[in-house]
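Asker: If you want the building blocks of each chain, they are given just below.
Number of protein chains: 2
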Amino acid sequence: MSNQERLLVEPAGSVGCCEPLAREPLSAAQAVELAKVFKAMGDPVRLRLLSLIASHDGGEACVCDLTGVFDLTGPTISHHLKVLREAGLIAGERRGTWVYYRVLPDALRQVSAVVSLDEIRT
Amino acid sequence: MSNQERLLVEPAGSVGCCEPLAREPLSAAQAVELAKVFKAMGDPVRLRLLSLIASHDGGEACVCDLTGVFDLTGPTISHHLKVLREAGLIAGERRGTWVYYRVLPDALRQVSAVVSLDEIRT
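Chains as they are written, first to last, in full-length UniProt numbering: chain A, 1 to 122; chain B, 1 to 122.
Where hints are given, some of them may not hold.
What the hints assert, rightly or not - Quick list of in silico lysine-lysine cross-link-like pairs, BS3-like style, CA-CA up to 27 Å: (1) Lys39(A) <-> Lys82(B); (2) Lys82(A) <-> Lys39(B); (3) Lys82(B) <-> Lys36(B); (4) Lys39(A) <-> Lys82(A); (5) Lys36(B) <-> Lys82(A); (6) Lys82(B) <-> Lys36(A); (7) Lys82(B) <-> Lys82(A); (8) Lys39(B) <-> Lys39(A); (9) Lys39(B) <-> Lys82(B); (10) Lys36(A) <-> Lys36(B); (11) Lys36(B) <-> Lys39(A).
Simulated from the structure, these hints should not be mistaken for lab results. The structure displayed is predicted, hence computed values, not measured ones.
Let's have the full structure, built from the sequences with the hints guiding it.
Answerer: Structure (structure tokens):
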């Protein structure tokens, strides 16, 4: 399978890597995948959405719990949720009228592994 | 020390927060500061630069060690290093002809704390 095909068939946000930054240099391919997760988190609204979802009772939040927190339109919130979803950070499930979001731990686990400080020489 | 030199060696971007995402929602101000760090890491070249610096012998790398790795111009590499420096992720020190960079663990520590999975309910 070519890298191109692999990128197409793997689920969005499946990084499948990485060693701590300080252990060995990231490959170009690993860096491309991982940068998507960091980029998705590199926005204050998306970070707050992520923390609102992660810290909500039961570990999931309805869109209706999220929109009132921000002075932003529904479509703007939906756009940010889509970016988080495409980065593999959250998943949504429609139940009745609303979509409920929950944090997917795998992408956060990748971030956590990469920034592990065990081998950072200070 | 000139302002120019001071900018080169002093870390910028002190986040000074945060609780794990799943413990309590980030405040707007915390999210703004933290997003700067994630945004700086949300680029494949910058992630690779960070890992090249962190994993280099002695925990520091000369600009001369970094430029040959990428098919990018010196000014482009310098721009990416500046973004990492302004986010408080690296610090540079001029010694003779070259600037040597080292990873600052505080910003990575903030990222690590925020993505801590201990309280993520899956």
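Asker: Does each hint hold? Answer for all of them.
Answerer: Here's how the hints hold up against the structure:
Pair hint Lys39(A) plus Lys82(B) holds up; C-alpha atoms about 17 Å apart against a cutoff of 27 Å. For the hint pairing Lys82(A) with Lys39(B), the CA-to-CA distance comes to about 17 Å; that is within 27 Å, so the pair holds. As the CA atoms of Lys82(B) and Lys36(B) are separated by approximately 13 Å, the hinted pair is consistent with the 27 Å bound. For the suggested pair Lys39(A) and Lys82(A), the alpha carbons sit about 13 Å apart, so the restraint of at most 27 Å is met.
Between Lys36(B) and Lys82(A) the alpha-carbon distance is near 20 Å, which keeps this suggested pair within the 27 Å criterion. The hinted pair formed by Lys82(B) and Lys36(A) meets the criterion: a straight-line CA distance of about 20 Å does not exceed 27 Å. For the hint pairing Lys82(B) with Lys82(A), the CA-to-CA distance comes to about 30 Å; that exceeds 27 Å, so the pair is violated. As the CA atoms of Lys39(B) and Lys39(A) are separated by approximately 5 Å, the hinted pair is consistent with the 27 Å bound.
As the CA atoms of Lys39(B) and Lys82(B) are separated by approximately 13 Å, the hinted pair is consistent with the 27 Å bound. Annotation: proposed proximity of Lys36(A) to Lys36(B) holds, straight-line Cα distance about 15 Å (limit 27 Å). A hinted pair counts as satisfied when its Cα atoms are at most 27 Å apart, and Lys36(B) with Lys39(A) qualifies at roughly 10 Å.
Consistency with the previously given hints fails for number 7 only.
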